[in-house]
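Assembly of the complex is requested from the two constituent chains, each provided in isolation within its own frame, with the hints serving as guidance.
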Amino acid sequence: MIKAKINNVDVEVPEGTSILWAARKANFTIPTLCSHPDLVPGGQCGICVVEIEGIPGLKRACMTPLGEGWKVHTHTARLMEIRRQLVELILSYHDTDCLTCIKNNNCELQALAATLGINTVEWHSLEERLPIDRSSAAIVRDPNKCILCGRCTQVCSNMQTVNALAVNHRGYSTVITAAFDMGLGNSVCINCGQCVVHCPVGALYENSHIEKVWDAIHDPDKFVVVQEAPAVRVMLGEEFGMEPGTLVTGKMYAALRRIGFDAVLDTNFSADLTIIEEGTELVSRLKTGKNLPLITSCSPGWIKFMETFFHDMIPHMSTAKSPQQMFGALAKTYFAEQRGIAPEKIVSVSIMPCTAKKFECQRPEMRASGFQDVDFVLTTREIGRMLREAGIDLNEMPDEKADSLLGEYTGAATIFGTTGGVMEAALRSAYFLVAGRELESVDIAPVRGLKGIKEAEIDIDGLKVKVAVAHSGGQARRLMEKVQDQLRNEGKSEYHFIEVMACPGGCVGGGGQSWGSNMAKRARRGESLYAEDRSLQHRRSHENPSIKVLYEKFLGKPNSEKSHTLLHTHYYKRSTVDGDIIAEQ
Amino acid sequence: MVTENQCSCEQAQEEELYGKLQEVIKEHKGKPKELIMALHKAQNLFGYLPRKVQEMVAEGLNVSLSEVYGVITFYNFFSTAPQGRNNVKVCLGTACYVRGGQALLKKAEKELGIKADETTEDRRYSLGIVRCIGACGLAPAMLINDDVYGRVKTTKMMEIIKKYE
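Protein chains in written order, with the numbering used here: chain R, 1 to 585; chain H, 1 to 165.
Simulated from the structure, these hints should not be mistaken for laboratory data. Any given hint might turn out to be false.
[Unchecked claim] What the simulated footprint calls covered on chain H by chain R, stretch by stretch (three residues with Cβ under 8 Å from a Cβ of chain R suffice, anywhere in the stretch; the number is not a length): (1) 57-66; (2) 70-79.
[To be verified] DSSO-like cross-link-like pairs, simulated, lysine-lysine; straight-line CA separation at most 27 Å: (3) R/K482 x H/K115; (4) H/K115 x H/K52; (5) R/K573 x H/K115.
Beta carbons are placed, not taken as given, at the ideal position from N, Cα and C, and that holds for glycine.
Okay, chain H solo, but in the shape it has when bound (with noise of 0.2 Å):
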């Protein structure tokens, strides 16, 4: 499970990024109701929340850093930990659980070596629950990216993976 070390390049790139995050938080400013709006933006800039941007919103919005952490984890949406290159998503709805979502979850998860919400440590993949995408006829479904892969097998699921660098 990758944790939060990062090389020193990309700690140069989030650099920047918080320039950008302080506009956010000036725009929301002394807001708390606009606690979600300002975390999806700042998750859009960063890819995941770091602790420091949480702090920095708690600040940024007088709100306390136990909300924004409840808020965060309430939410599936929010992630706490770098995103993978290749975001992995096995869809566990009503009609994919009965066709076998589960089997195609844990097979992924020990081929990826992660469990979900988690990312590969060379970040190739992240593997995640999505519930219903609304391709409830190719039942059991799995997203990559925004790709869509219906009927998908066992057996054929990690090819498909595979094919994602």
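Excised from the complex, chain R in its bound form (with noise of 0.2 Å):
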């Protein structure tokens, strides 16, 4: 242990404990701007930088470990002022209209800049106005909002291992952009979004659908129907002032129906769906023993980032659609039909933890129903933007329910939300398919949690099952490197089936939550969707009644013709230059 002082305050740490950290436990909270509890502290803004007795010039506390005996003071009045100078260079070169930017009243630089007390900015830089990159379908970036702190590109680079990302040129062109300022939506960006979620500014955010939503929404002539995601519901109540993982399903459902969409479902119910048609998918794989391990399709990030890095393992991918995609091609059929309105008079929303989800929604071959099958996508933060428009507090909404035939789910849909819970889901059917009885202890605890890669082995009736899940992007490539290998050299895999989720938590930690996040509070969001699980009477996708009434109206059987064309899909090769299709030759 580390004994020292802080502002004449003493403290004890344990060693190799950051000043920052130190100060914190001595009640003192050093300005930051670049530091982000996440990640690796790169020293960027010089914000957090302190005195230390009989030490020479300043130290950066987020980088510097505290020493045996030292004495630190933190507010000396030099360091007041270098601080605002710091600070007021950063705004001599920053857009500084808050009042339209996104990021008003949810800025890390606002609230340094208030913090601090700046008032004036003596210098000013005659910079031309950058444009604005809005190439992709997922992301925009704003280089004039950008500081520079670096994260993105870490997280890009180191997380995600996607490096879309890099900072070019130097000295007052510094800027930090695609390759060959190609655009976002043009290199290998996967969309996944944990470049917005890390941003402290207004330089990375989502490519907004609000507007046409409230289009919809007030076109009269139009019957616009909204899913949202498990991960939402454990979600959406940060984005009104609720602690993270507050589960608020029926309020949700509310002020879904009092915003104004005309029927208020359940992505939840297609999770169930996926895991009919994917443990279907499964089992028949099992069986013939070809293309294992079998590896889940449902986040777009994911797909896209095996498509450019890791496209030989299409194969092994699951053909099945993600849940918000099976549910837009149902809207646009069997709700259609059963409810009897006119296909090309649906408006097909969806709330999404996911900015990627944006991307996925586009795609060319999402039309099995003959329109585009999911028209928009809202993340969670732009519907609380849109619920907030419309003077609807989720904090005052009564618990209601969901509308039916696409609206009911089981406790295996709603863990789909966060890091291992498709597996998990998965496990609960597939053993049923298999064994034709049901597994007794659903929760499956090997596989849950934060760890980058859990594995686990289920005996299905003798048949031992090897499966592991990733998440991140930098953890499903030392997966996958690992299945190449395994796959190249003994000619088979040690796994049979791999969940993969493209963001760190899984979808709880998606790039469309709220900002301000950290993994504390992904694990939080995490607990609160297994505790959900646990309080549901159904807890098997194969027990949801209304996924029964699907099949036999309808579908027919899993893996059927029609399942087939409206809930399955296929993937492309990508280039690892510019994420481009690589066409087949």
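Laid out in structure tokens, this is it:
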């Protein structure tokens, strides 16, 4: 343990603790800007500098471990003057129209300027405005708001190992962008949005569909249906001041009804459906032993990652669409039929914790219904904005139920939103499909939690099924390289079934989450989904009554021709240079 | 400003160079730390670093294209546009700057019709900035290819430049 003094207050911390965290322990919050609890400190901004008696110069609190017997000062006159100057310098090249900025009230630079009491900016740099990058279906990048903190490049390169963004040029011309300024939409970017959720300012945000959804809601001719991802029900509350992980399912339905959606349904319904289709696929592959391991396909960030960096794994991918897209296909066919609504009048909206879904919904093959299956995707943040604009406070909503046909779900569906959830849900049903009886203990602990790669072995009637779960691009890469090695060297892999999520923590950590998130919040959201699972009557996807009706009345059976047309898809090889589809020769 | 559109004879010459590039890449294969060395050799071959070369180096050394582009744009020495037959470099080091280097640059930009780091349409001149070639006593100085010119006057500068074909 290290004993030292911070502002004359005694503090004792484990060796290696940074001055920043030691100061927290002593109840001092040193101002920071580029620091993020989930990332390795890079010392880019210099705001957290402190003075240490006897040591010349200034040390960055975020990167300096506290030394034995040190006497640290965090707010001397000199330090305060320096911090103010640093922020003024940043503001001098920053686009300071906070009133019209997407991050107004949620911006870390705005908060810091307020904390430090900045009221004038003496330097004014005459840089020309750089163009805003709107090439991506999912993410918008405004370089005029960028403060070059480097968080986005750190997550894109180190955490996600996608490397779409890098720091280019130098000096005043320094800009963080995709190579050749090709635009994120023309690059290997997988649309996961981790850059968006880590950006402290308004330089990165989602490509908003809000205006289009308002147009649809206000159009008396249109019938607007909405589906919400499992993760949204444990995240939406944060947009209204609730604790992360507060379960708001009933309130969410009420709010969506009040804002004007004509039918409030649920992605969880189609999550159960995905399990039935994919479970059936797993069983058939286990029987033939071909194309194992089977790999899940509901994360569009993972799909583009796989198509770009591991397209030799395409034969292993499940052909099942994601729950969002399965829902989309059914909304304009089954739902339209049953309710007697002309499908061309239906506008299909989804609420997602995800930015990649905005890319997924406009993939050219996602038109199984004859129309674009999912028209618009709103992130959790976007629906929060829309509700606030309509004057609806989630806290004041009563608990309501979803509409029928595509609204009912089991516990297996709701855990989709956290890493390991899809795996657990699939195993609960796969067990039944193989063994002909129920898996007694439905909680499969080894696939739960935030460890980068989790493994488990399940005995299904004598057959030992080995599974693995990876989340974040970096862990997915590690796992895929291992599988590739095994397939190359031994002709087969130790794994039968793999779940991959592009975002750390799974969907609860997706690109659409509320500003100011971190891993601790993601963990709490995940826990809350498992709690909802335990509270529900049905916990296995094949027990969902509405699903049984769907197959009876419409689809026939899993993997039937109709199921295949509507609910299954295919993939492309993409170039590692720019993510473009490589035309088949 | 010259673009990457080339005439067919230039293209044929470049094809040959790609073979030599493959050998450079083989030398440094899978060694991301040797990126700058590899790029230096590649630029020596082609005179600049066309996009295709960057992509090949990225793949060969197992470095992302983003990182390659980031390194290239950071270093003044690396060029992504073909160089002209004559490389005109105005010194903007301290002594030359104080003695009017900036004015020389501005005049050259105006007369040649290009900005620093660009090449004229007819590929006759590339214009660039250097920082101190150690001829401070002759400030303001200018380099054209390997020739050093000292005490350059703005009125006489274009005469000197035009001597080069």
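Comparing the hints with the structure gives:
1. For the stretch 57-66 of chain H, the proposed coverage by chain R is satisfied: 5 residues have a C-beta within less than 8 Å of a C-beta in that chain, meeting the threshold of three.
2. Given as covered by chain R, the stretch 70-79 of chain H passes the check, having 3 residues with a CB less than 8 Å from a CB of that chain where 3 are the minimum.
3. At most 27 Å may separate the alpha-carbon atoms for a hinted pair to count; R/K482 and H/K115 exceed this at roughly 50 Å.
4. Among the hinted pairs, H/K115 with H/K52 is consistent with the structure: their alpha-carbon atoms are about 25 Å apart, no more than 27 Å.
5. With a C-alpha separation of about 41 Å, the suggested pairing of R/K573 with H/K115 is violated against the 27 Å cut-off.
In this structure, the earlier hints numbered 3 and 5 are contradicted, and the remaining ones agree with it.
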